[in-house]
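Q: If you want the building blocks of each chain, they are given just below.
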Amino acid sequence: MTKKIGLYPGCVIPTEQYGYEMSIRKIMPELGVELVDVENISCCGAPFKSINLVMQTYLSARNMAIFEMEDLDIFAPCPQCHLSLTETKQRLESSGELREKIVSRLLEEEGLEYKGALKIYHTLDLLHDLVGIDVLKGKVNKPLGWNIACHYGCHTIRYTGADRPDSAEHPMKMESIITTLGGTTSDYSEKLNCCGGPLMTTHKDSALTKAGEKLKAVQERGFDALAIVCPLGGRVLDSKQERAAGMVGEKLDLPVFYLTQLVGLSMGMEPESLGLNLNKSPVSKLI
Amino acid sequence: MSITDLTSMAETQLGSKKEINERLLKIIDEVADSCYQCAKCTSGCEAHKLLELEPHKIVALLKRGLIDEMVNSDIIWTCMSCFKCRERCPQNVSPVDILFTLKNLAVANGQQVPGAYTAWLQSIMTMGLLQDVQEVPLGDGKVLKREDLGLPELSKPMDAAMFQMAFAGVAMEKM
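Just so you know, the sequences run in chain order A and B. The first sequence begins at 1 in the working numbering and counts up by one. The second sequence begins at 288 in the working numbering and counts up by one.
Hints listed in this document are in silico derivations from the structure and should not be mistaken for laboratory results. Possibly wrong hints are sitting among the right ones.
[What the hints assert, rightly or not] Taking beta-carbon pairs under 8 angstroms as the criterion, some of the chain A residues facing chain B (in silico):
| # | residue |
| --- | --- |
| 1 | ASP37 |
| 2 | SER42 |
| 3 | SER94 |
| 4 | CYS154 |
A virtual CB, placed ideally from N, CA and C, is assigned to each residue, including glycine.
All chains should be built: construct the whole structure from the sequences, respecting the hints.
A: Written out as structure tokens, the structure is:
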């Protein structure tokens, strides 16, 4: 059965983290998910929660209205977008004043109608719950065979009240997907630690130090690779791995993959079609 | 419309300041009796070790009403919004949300915000997204762009002028 869903790539994925987008577009149709591209979208407003709450709410609501008018649920592979959309949906349910201001005035002026009835998916629950482990299992024809550490990213799992794709303190969906793909994995103490990504634009050195510490921990524990589901994670853990290594004074050579790239590899897809030639970490060690 | 207008409009943001102050008063009311300074928030804080953010002290300062001191300090801009403090507080206090509110107040007061935000606001005003498509340098000196990768055209607001007006309206709270 094919499920139709609107792809909301946000800002960072479609302008920079191309490997995430390419692998999503490549694997989803094979898994029974028809991705629909939607015009007229904008930033979800997540960074502007620090500036002005109304600004964030307006931007997220505007995007959701655009998808609702096309009768689509929304797939936000970026955890920051996913959280911002989810929080906004909740906020508009609980605050009549904000709903009146944003929905009835601003959006209507643009000819948009927001109902707040759409479902919001992230990569993790889309693969694990909507596609499902059984379907995934049936598609694997090239089991990975590597020992892979999972990095969820802060906004994928926190905070509990905001309807996250997995548990805040004991997330296991990524592990369950990795083992389905023929990989092995295990818990590690730094699993829930932040990658530093959100600090990249304001405190670059601290961001890269955090990324370096995370990578170092994973490498020292003997994992072959690290799997991620967040474009800000991709930016520091993969794209800037060399600079992160410099910050912590270590030689780092840890292959970092988007989970969707690993799904594609396990299905026997060409690495280049999954954007793997764009990864800056040494993924060629394994593929 | 310049970015200075968007981020430092103390006069035009009176309504916004009132709303933020109300939010802050509500938080003070809630935390006054609940936070007992166990510092569990600080022990897990992702910005603690490197940037010296101490969420339990933020809560303590708030209880003492030292709001201006925090709003005028750079420390509120070091929070990485990892939400561990909110997740783990045994008393359901949420330092991360206190910090969001303090940052909102700093902006409404016309305080200088970190440069990245100004650049983001500028980018949203011009194209609706945080940044335009970036080139990817490959090892061999070649450069790839989005269109070289077989990806569809970037989706952004179709009526840029209308989006700009609506967004500026929200930014200035002139609704």
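Q: Among all the numbered hints in the text so far, which are the ones the structure does not match?
A: 3
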